[in-house]
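Peer 1: The primary structure of each chain is shown beneath.
2 protein chains.
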Amino acid sequence: MKVDIQEMDEEEIIEEIQTLCEKREFAKLKNLLSEMNPADIASVLDEVSANQRLLMFRLLAKEEAAETFVELDSDNQESLIHAFSDSELKEVLDELYLDDAVDVIEEMPATVVKRILRNADSETRESINTLLKYPEDSAGSIMTPEFVDLKKDMSVEAAFKRIRRTGIDKETIYTCYVCDSSRKLIGVTTVKELLLHDYDDVISDFMETNIISLNTLDDQELATQLFDKYNFLALPVVDMEGRLVGIITVDDAIDVIQEENTEDIQKMNAMLPTEKTYLKTSVFETWKSRFPWLLLLMISATFTGSIITGFEDKLAAMTVLTAFIPMLMDTGGNSGGQASVTVIRAMSLGEVTFRDFFKVIWKEIRVGLVCGLSLAAANFIKIWLVDHLIMHNDDITLIVDLAICLTLVVEIVFAKFIGCTLPMIAKKVGFDPAVMSSPFITTVVDAVSLLVYFGIATALIPQLH
Amino acid sequence: MKVDIQEMDEEEIIEEIQTLCEKREFAKLKNLLSEMNPADIASVLDEVSANQRLLMFRLLAKEEAAETFVELDSDNQESLIHAFSDSELKEVLDELYLDDAVDVIEEMPATVVKRILRNADSETRESINTLLKYPEDSAGSIMTPEFVDLKKDMSVEAAFKRIRRTGIDKETIYTCYVCDSSRKLIGVTTVKELLLHDYDDVISDFMETNIISLNTLDDQELATQLFDKYNFLALPVVDMEGRLVGIITVDDAIDVIQEENTEDIQKMNAMLPTEKTYLKTSVFETWKSRFPWLLLLMISATFTGSIITGFEDKLAAMTVLTAFIPMLMDTGGNSGGQASVTVIRAMSLGEVTFRDFFKVIWKEIRVGLVCGLSLAAANFIKIWLVDHLIMHNDDITLIVDLAICLTLVVEIVFAKFIGCTLPMIAKKVGFDPAVMSSPFITTVVDAVSLLVYFGIATALIPQLH
Chain F
1 MKVDIQEMDE EEIIEEIQTL CEKREFAKLK NLLSEMNPAD IASVLDEVSA NQRLLMFRLL
61 AKEEAAETFV ELDSDNQESL IHAFSDSELK EVLDELYLDD AVDVIEEMPA TVVKRILRNA
121 DSETRESINT LLKYPEDSAG SIMTPEFVDL KKDMSVEAAF KRIRRTGIDK ETIYTCYVCD
181 SSRKLIGVTT VKELLLHDYD DVISDFMETN IISLNTLDDQ ELATQLFDKY NFLALPVVDM
241 EGRLVGIITV DDAIDVIQEE NTEDIQKMNA MLPTEKTYLK TSVFETWKSR FPWLLLLMIS
301 ATFTGSIITG FEDKLAAMTV LTAFIPMLMD TGGNSGGQAS VTVIRAMSLG EVTFRDFFKV
361 IWKEIRVGLV CGLSLAAANF IKIWLVDHLI MHNDDITLIV DLAICLTLVV EIVFAKFIGC
421 TLPMIAKKVG FDPAVMSSPF ITTVVDAVSL LVYFGIATAL IPQLH
Chain L
1 MKVDIQEMDE EEIIEEIQTL CEKREFAKLK NLLSEMNPAD IASVLDEVSA NQRLLMFRLL
61 AKEEAAETFV ELDSDNQESL IHAFSDSELK EVLDELYLDD AVDVIEEMPA TVVKRILRNA
121 DSETRESINT LLKYPEDSAG SIMTPEFVDL KKDMSVEAAF KRIRRTGIDK ETIYTCYVCD
181 SSRKLIGVTT VKELLLHDYD DVISDFMETN IISLNTLDDQ ELATQLFDKY NFLALPVVDM
241 EGRLVGIITV DDAIDVIQEE NTEDIQKMNA MLPTEKTYLK TSVFETWKSR FPWLLLLMIS
301 ATFTGSIITG FEDKLAAMTV LTAFIPMLMD TGGNSGGQAS VTVIRAMSLG EVTFRDFFKV
361 IWKEIRVGLV CGLSLAAANF IKIWLVDHLI MHNDDITLIV DLAICLTLVV EIVFAKFIGC
421 TLPMIAKKVG FDPAVMSSPF ITTVVDAVSL LVYFGIATAL IPQLH
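Protein chains in written order, with the UniProt record's numbering: chain F, 1 to 465; chain L, 1 to 465.
In case anyone wonders, no lab produced these hints; they're calculated from the structure. Careful: at least some of the hints might be erroneous.
Each pair may be met inside one copy or between any two copies, as identical chains are not told apart.
Each computed DMTMM-like pair below joins lysine to aspartate or glutamate, with the alpha-carbon atoms no more than 20 Å apart [as the list claims (entries may be wrong)]:
| # | residue 1 | residue 2 |
| --- | --- | --- |
| 1 | K427 | E263 |
| 2 | K267 | E285 |
| 3 | K192 | E259 |
| 4 | K28 | E260 |
| 5 | K170 | E123 |
| 6 | K28 | D201 |
| 7 | K280 | D228 |
| 8 | K90 | D255 |
| 9 | K184 | D432 |
Since the structure is predicted, the reported quantities are computational estimates derived from the model, not experimental observations.
For reference, chain F alone in the conformation it holds in the complex:
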């Protein structure tokens, strides 16, 4: 019976595989695994026992094994490495792309790293050590030093020969880089260009010389912005002297884009970033990512509370004012959050830079005014109609209504202003703008809103004088 894996969902596949494993039908199992994509094999291997994992891993073809290995959870990579013989480890290492090897190593404890490096050949070891030295989140840390390099006076035929000879070990062969004798990057071409030219044509005649490249120390976010803008399959990374030292491939760029987006979303919502997927993060780890911000914001919010304490007497004299505190706090927080999130996102997409500082502020103030006035109008009518006329709440006079709505306008304009400026200033002074998240903005806006509210109320309402 042929197993059609196209029609099965992951749980069925895992079950089928475990059955084959227990029945020791290894030929069938090997066959089934060979039909699967490495990313899918890895999902299965992450779910089975350590013994089964090792057994199945040994059934994989060499190249498939390496591709599966990089997709595994780092805990499972580690347990496999412990179970490997030195020669097995060497075999896997030889098949890994260097940037993947570095990704694996970065998650391993020191003893495992030592064993890995001991089993790599000296050239690989040196490359890995170089890559490990680049700062986290730099272009250098996500690049691979394995690329196709050509010479400018090569013919198309010679270029194809070189690609055929060296291409099997490269992560991408489709973008080829032309370097001069001092390894300086002088041109770029693609396999598509090569295919569309005659065998006798010389590369320097048609290579692209207006090259967009990154420096090893550039932030990886810049890399994602360039991929987004220019639709490349790979980007060259050069060192301070303009020498080509590596490339970033589009599949790695997608991983970085999704990671950075997840990180931004976590920070924007008052969480410390976690690297693992949600279901694989333990309760304690989740707590660790959420507790610090909650604590900080809780403490900040007690200042807001002390503002209320300062006006306790007046609130006691006119308790109706208390009923509007939640509405004012929520609306201020939401308004500020909208502005900060929009600006943070625009900055991380590269649409807004510090140069646009005043343009952004001017825009947010106008948006704040329009939002404030329209919400205040809606609120004014609602309070008068519902609370005063229908619910017969006589404490709500026109003056009270006015004080509330005036507060709304002021707090919304302020919220939009502070919501857009704090992230830009944070970025300017070298902090991550996403930390100026909406919860943080909310806390600031809350305090100011209450001050404005009590100030306006005291000024307008005769009973509070």
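Given the coordinates of chain F, work out where chain L should sit on it, guided by the hints.
Peer 2: Same frame as chain F, but now just chain L:
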């Protein structure tokens, strides 16, 4: 003097270009533009006057012109189309990839669409009309019907001949699709594979037959998940009968990923999604995207206010309770927001599905308990130390402190519970889970928190009996 555009920033380039334009130094201008990447030319063209834009556009080489055109703002595309002669329009259309043409058309008013379709040849017109019919955000709507198709009994040599002959008009040639006589997709191979095989080898001997493909009606989010997981350069899209009708390329996938992320972030923070970049969205458009949610949340928050009104007498009897309302509201909102945002993100990355419903709830309840207990402990000590002992606030008794901290635990567990369940339920019933955003969760949690607060306080504190 050679202008080195590598060393100039965008504003300098725009200035240089405008000077050349005014001096009517078109040869120099043409030269400068030919060195630039289409995406950069488009940024410049978006900034200059309509006349200058047309003038510069006419200086571009045919292919470069088309690539620049797709990168322009849709308003500027429209104004260019109005200025084009029919033959100019035809020329640009002929150079556009079909999926790009569709993207352009989708933003145009009906009269412009008619003119575009009139100037396209009948085959193109038919393809465009087919693509326009796919639902928004479906795989069909972002695919291009232009791909390299091979036959299974072709030799590698024949395959390369075909790629050379037909490849120039394809968006990607690197992934090649093998179809049978009824256009059913039966295999996939890559130019890399082809290059590494002998000229006489036959494609069916080495093509990949375990194909991962999308259906035309699949959501585009599924496409982005597959690109993220499998590191493809292109994904095939098949119709209900399994016939290959188009491909999605990785550069389009990146655009979709960034669009979807921006949309998610906007929705998570109580905004309607906007398509334009931040600085290009007018004040009114920004207001339109922000006002509806602010209004809705403001109205919901008035219910929270009415809960306070219901306890007005008790609050007047014990005003110290009011001071902790902001802290309780903020902490509840933040806790719920953390849970909802985490689950929404995990769902859009495909890490969590409805199958994990109870697993997620169980996890969030435990996280809620740990967060709640640790925050309550911190808060208990802080209130006793700071407010009672240092600030000598005698209204704060041990019982009051206990009531506040108990409320914290209950509201945080509730917030985590509601924060993770609402997005999953929303997705299950066909809504966008991102709409169950943290501001919305905050409003729900606020109301419940206050009820819990007043309930616990009334039960515990003798003065309120």
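Peer 1: Evaluate each hint against the coordinates.
Peer 2: The hints, checked one at a time:
1. K427 / E263: Within one copy, since 16 Å is at most 20 Å while 23 Å is not.
2. K267 / E285: within (16 Å within a copy, 27 Å between copies)
3. K192 / E259: neither (31 Å within a copy, 28 Å between copies)
4. K28 / E260: neither (41 Å within a copy, 41 Å between copies)
5. K170 / E123: Result: close within a single copy only, 16 Å intra versus 39 Å inter.
6. K28 / D201: neither (50 Å within a copy, 28 Å between copies)
7. K280 / D228: For K280 and D228, the Cα distance is within 20 Å only across copies (18 Å; inside one copy 30 Å).
8. K90 / D255: neither (26 Å within a copy, 39 Å between copies)
9. K184 / D432: neither (34 Å within a copy, 50 Å between copies)
Violated hints, listed in ascending order, are 3, 4, 6, 8, 9; each of the other numbered hints is respected by the structure.
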